[in-house]
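Trainee: So the protein sequences, as listed, match chains A and B. Per our numbering, the first sequence runs over residues 270 to 872. Per our numbering, the second sequence runs over residues 193 to 275.
These are computed hints drawn from the structure, not numbers from a lab. Keep in mind the model is a prediction, meaning the values are calculated, not measured. Just so you know, nobody snuck in bad clues.
With a straight-line Cα cutoff of 25 Å, these simulated SDA-like cross-link-like pairs (lysine to any residue) come out:
id, chain 1, residue 1, chain 2, residue 2
1, B, Lys198, A, Gln499
2, B, Lys234, A, Glu538
3, B, Lys212, A, His548
4, B, Lys273, A, Thr553
5, B, Lys198, A, Glu530
Residues from chain A shown here face chain B by an in silico Cβ test under 10 Å; the list is partial:
id, residue
6, Gln499
7, Gly500
8, Met509
9, Gly517
10, Gln541
11, Thr542
12, His727
13, Asp731
14, Gly734
15, Lys738
16, Thr740
17, Gly770
18, Ser833
19, Gly834
Glycine is no exception: its CB is placed at the ideal position from the N, C-alpha and C atoms.
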Amino acid sequence: MSWQRLILRVNLTTQNCHVEPLNMEWAQQYLGQRGLGSKYLLEEMNPAADALSAENKLIFATGPLTGTMASTGGRYSVITKGALTGAIACSNSGGKFGAELKLAGYDLLIIEGQSSRPVYLSIENEKVELCDASHLWGKTVWDTEVLLSAVDPQLKIASIGPAGENLCRFACVVNDRHRAAGRSGVGAVMGSKKLKAIAVRGTRGLHCNDNSHACNEIFQSINIRLTKRQGYRRNGTLAMMDITNSFGSLPTRNNQQVQFERASEINVEAMQTRNRNGHTNLVTNAACFACTIGCGRICKIDPAHFSIKDKTQYHGASGGLEYETAYALGAACGVADIDAATYAGFLCNEYGMDPISLGGTIAAAMEMYETGILSDTDTAGIKLEFGSAEALCEITELTAKGKGFGQQIAMGSKLLTKKYGCPELSMSVKGQEFAAYDGRSMQGMGLAYATSNRGACHLRADPYGHDFKSTGTGGKAEVVKTSQDEVAFIDSTGLCLFTGGSGWSISDYCELVNTVCEGVWNEQRVFETGERIWNLERQFNLQAGLSKKDDTLPGRILEEPAKSGVGRGLVNKLGEMLPEYYRLRGWDQDGRPLQETLKRLGL
Amino acid sequence: MKVCIKLLGELRQYLPECGKFNQCKLNIPTGSTLQKILSQLKVPDDQDFIVLLNGDLMQKQEYASIIPGSGDEIIIFSPIKGG
Numbered sequence: 270m271s272w273q274r275l276i277l278r279v280n281l282t283t284q285n286c287h288v289e290p291l292n293m294e295w296a297q298q299y300l301g302q303r304g305l306g307s308k309y310l311l312e313e314m315n316p317a318a319d320a321l322s323a324e325n326k327l328i329f330a331t332g333p334l335t336g337t338m339a340s341t342g343g344r345y346s347v348i349t350k351g352a353l354t355g356a357i358a359c360s361n362s363g364g365k366f367g368a369e370l371k372l373a374g375y376d377l378l379i380i381e382g383q384s385s386r387p388v389y390l391s392i393e394n395e396k397v398e399l400c401d402a403s404h405l406w407g408k409t410v411w412d413t414e415v416l417l418s419a420v421d422p423q424l425k426i427a428s429i430g431p432a433g434e435n436l437c438r439f440a441c442v443v444n445d446r447h448r449a450a451g452r453s454g455v456g457a458v459m460g461s462k463k464l465k466a467i468a469v470r471g472t473r474g475l476h477c478n479d480n481s482h483a484c485n486e487i488f489q490s491i492n493i494r495l496t497k498r499q500g501y502r503r504n505g506t507l508a509m510m511d512i513t514n515s516f517g518s519l520p521t522r523n524n525q526q527v528q529f530e531r532a533s534e535i536n537v538e539a540m541q542t543r544n545r546n547g548h549t550n551l552v553t554n555a556a557c558f559a560c561t562i563g564c565g566r567i568c569k570i571d572p573a574h575f576s577i578k579d580k581t582q583y584h585g586a587s588g589g590l591e592y593e594t595a596y597a598l599g600a601a602c603g604v605a606d607i608d609a610a611t612y613a614g615f616l617c618n619e620y621g622m623d624p625i626s627l628g629g630t631i632a633a634a635m636e637m638y639e640t641g642i643l644s645d646t647d648t649a650g651i652k653l654e655f656g657s658a659e660a661l662c663e664i665t666e667l668t669a670k671g672k673g674f675g676q677q678i679a680m681g682s683k684l685l686t687k688k689y690g691c692p693e694l695s696m697s698v699k700g701q702e703f704a705a706y707d708g709r710s711m712q713g714m715g716l717a718y719a720t721s722n723r724g725a726c727h728l729r730a731d732p733y734g735h736d737f738k739s740t741g742t743g744g745k746a747e748v749v750k751t752s753q754d755e756v757a758f759i760d761s762t763g764l765c766l767f768t769g770g771s772g773w774s775i776s777d778y779c780e781l782v783n784t785v786c787e788g789v790w791n792e793q794r795v796f797e798t799g800e801r802i803w804n805l806e807r808q809f810n811l812q813a814g815l816s817k818k819d820d821t822l823p824g825r826i827l828e829e830p831a832k833s834g835v836g837r838g839l840v841n842k843l844g845e846m847l848p849e850y851y852r853l854r855g856w857d858q859d860g861r862p863l864q865e866t867l868k869r870l871g872l
Numbered sequence: 193m194k195v196c197i198k199l200l201g202e203l204r205q206y207l208p209e210c211g212k213f214n215q216c217k218l219n220i221p222t223g224s225t226l227q228k229i230l231s232q233l234k235v236p237d238d239q240d241f242i243v244l245l246n247g248d249l250m251q252k253q254e255y256a257s258i259i260p261g262s263g264d265e266i267i268i269f270s271p272i273k274g275g
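Only chain A is shown next, with the shape it has when bound in the complex:
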């Protein structure tokens, strides 16, 4: 069946690699990927340990559907204690790396300890080797992929760039050039272990089901249900820009506004139409392993644009703006220059940084600069003004390379604003910067941010439909709790969350999981498994020292009414929603799971 039933464990301190059986009892309880990886993390490490210490573990986890021909079945997650947040981190990526790891024969790869010198992990099925990476240290993700691919062009590679090596708090792990396990600083953890890359080749195949013909028919019949909605393929996630801007939930200039008056310069139309030089940003769309949605954008920067005029290496096509990137490197910084945002996005992929946290931190720094908290001396002369595309590009380069004021940006907005005595300017939860939705017109999203186990996140719950229909607080706790559980399950399958927005329902996920996994997976078990995962993550955070005080939002969202849009005049009413949320979760009033809840979930 589609668990390979094997774990590859690599101890970087002893430089020892060995294979061990997967705990199948846990696989039945936590399924795979996010759930199973989190279970191993909590069982094996002290959550109070420093994220950048040898005690932290770094787990690459696939799901039972990773590597199958179920649409989008190529996902993997990186699970660790987050360098940005100090909370449990689970960062999900597509591309082809996850499927290759699974086809090499492993459900999970557990990295522990710390190497004394740079190394990379080479995996060719059962042949596993830690190799010297001194020639790769200091190289970008893109150069690392080129150098390792020279050995074998079929290798699939996940690596960190200089940002991860420099322990930038929001460094990510990048695979396949521009897919990333982006959030919470998982790349900094990898950098602290001096693990530069994982290069994998897998040809051991996958035994999905005893009846392979029936299995293929099931995959095909379910995959075709995703063809009903073509929005992601046609427009990418950037389609959200016009929606949130019209609604009044597009965080602008560090959440000072909720609508960006120049959003039309960084939206789908701007990406798809020719500029005055006759250049079009969008080249084509792209899909990850087995994906039939194809939301990815492949883009080119106008060669005449100031950012790349003398840098021919950026004249080719590469991973372009998603909605989150366009928000963070656009509206959040007041920048209405699609090529500048694309360039900053390219640098994030090349050097290994999370664009959401980068943009959120630059936005905080811009507000600090405009209010006089930061001076030209602090920024070494960079005019960090909202709307400055030049400043955005320059500070992104410095952050990527760990130079100048970029070293301060690399701390993330929480530590940066704390250092300068203005913590209220960090638009973050648990140290992680907001995604592209303002929690005043979208009350449910505010609750989702506040309660997300990995810090502010738009992918840990699904309150979108409810929020766009109602700005009140009624029903939000229920929607957020239920969708958190659903998402936790989907994140554990090896599939992409966007299948849910493209036509699949719970019954489709059940049918797919039943096709490849032992046991009976029905709707009740989906939600119970998701709830178990959510509570397990909560236990990790409580043991790490987080508590109810961390389930909150910045004062700006709780006290400053939105100035425009559907939610004008509103603040987020977290105080109304949180007690109900805790009650629905079966937690006490301090946000601790009750004994009966833990017992019911087998925790």
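With chain A fixed as given, assemble chain B onto it according to the hints.
Mentor: For chain B alone, coordinates are given in the frame of chain A:
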């Protein structure tokens, strides 16, 4: 009279031929309800969508009684998930 229609995201496929990219000026008889205007746009009945009239969120039960004025802006979108 004319109203400004914006069809966002995947709904832009239902934009009338007179439109450009995702918006158009639509000629409608004076006194047309929101319901009537929506039916003119041919967005399928089973498509879940949200309507903003001049920036205000409209509730479904209001569609049959609200009468937009000349020059009003009607934004229609389907609730997608971001990423």
